[in-house]
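Novice: Fit chain C to the supplied structure of chain P, relying on the hints for placement.
Chains as they are written, first to last, in the numbering used here: chain P, 831 to 945; chain C, 10 to 123.
Worth flagging that the hints you see were computed from the coordinates, not collected in a lab. Careful, some of the hints might be misleading.
[Stated by the list, open to error] Some chain P residues flagged as far from chain C (calculated, every beta-carbon gap over 12 Å): (1) E845; (2) T854; (3) L895.
[Stated by the list, open to error] Only some residues are given here: those of chain C computed to face chain P with a beta carbon under 7 Å: (4) G51; (5) L52; (6) L54; (7) F99; (8) E111; (9) A112; (10) F114; (11) Q116; (12) G117.
As the structure is a prediction and not an experimental result, all values here were calculated from the model. Backbone N, C-alpha and C define an ideal beta-carbon position, used for all residues, glycine too.
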Amino acid sequence: QKEVEQNSGPLSVPEGAIASLNCTYSDRGSQSFFWYRQYSGKSPELIMSIYSNGDKEDGRFTAQLNKASQYVSLLIRDSQPSDSATYLCAVIVAYSGAGSYQLTFGKGTKLSVIP
Amino acid sequence: NAGVTQTPKFQVLKTGQSMTLQCAQDMNHNSMYWYRQDPGMGLRLIYYSASEGTTDKGEVPNGYNVSRLNKREFSLRLESAAPSQTSVYFCASSESRDRVTEAFFGQGTRLTVV
Chain P
831 QKEVEQNSGP LSVPEGAIAS LNCTYSDRGS QSFFWYRQYS GKSPELIMSI
881 YSNGDKEDGR FTAQLNKASQ YVSLLIRDSQ PSDSATYLCA VIVAYSGAGS
931 YQLTFGKGTK LSVIP
Chain C
10 NAGVTQTPKF QVLKTGQSMT LQCAQDMNHN SMYWYRQDPG MGLRLIYYSA
60 SEGTTDKGEV PNGYNVSRLN KREFSLRLES AAPSQTSVYF CASSESRDRV
110 TEAFFGQGTR LTVV
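With the rest of the complex left out, here is chain C:
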């Protein structure tokens, strides 16, 4: 039972470089989320996907794009990385049929932009 798997776990980028964070879940959940966590700021929602084929902006979407490739996979792309995007990124998934249930988190990606 892998749950939610994120890759990579660590990444260092130079300003202006691009990269894609990968996320996959094996719990057959409909909803998936991308958060970033900065000291003193808590978890802030970047994008979420309520179901396969749909995506919506969260609180801090600027500088990011997402793709819900299928029900299992939800990727986050940084087209031109900036130092302000240095953060820990978490992917999560939850069920959302009768009601929205608890979210399960991946292990996180620690990203540094220099």
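So here's chain P without its partners, still in its complex pose:
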């Protein structure tokens, strides 16, 4: 079974610190990677997408991808209490057949930012 693994947490960081969230995946053929944020009782919302090795920055968020190590991470700089949520890593897992694939999620890491 093709898997996406995350530490469930909770991860607690003080306000203003850097939060580091990690994700590993098993399918070497994966090409598309996403980080979602989900507040309690709400639907997931996209924070970052990354398709190539290296870093991608968007405001306080940086996604890092290392395909050789099958590792994707999300850094949140200057963490705020409003960042407290569950962060979901998602990976496109390809199956045989044209256009056959699945968007597979990890179980999520719960982040708490302490004022």
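Specialist: Okay, now just chain C, sitting in the frame of chain P:
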């Protein structure tokens, strides 16, 4: 811009009853998905549709059926509801031409089977 719209938002069923969860997207996306989310289990894929007219099983398809009615609509049916199907259900859609892009989610349906 409605995005992805799911109905209903809440539902209580008795064991053995049937129901259909409706999902529609207005972003002209090819791919649509149904997930369920249970505490500690993350999002698990029930069924997906890579394009109009095609559907495929995901990780947890048992007890469910789907219909990709047209490019906009993707419905999920529970033929005989069981308490184990108590969950929050999310519909999502994404583009998948040059490459698969991010999925956008509906607001969810909270289903309780008693």
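Novice: Any of the earlier hints contradicted here, and which numbers?
Specialist: Violated hints: none; all satisfied.
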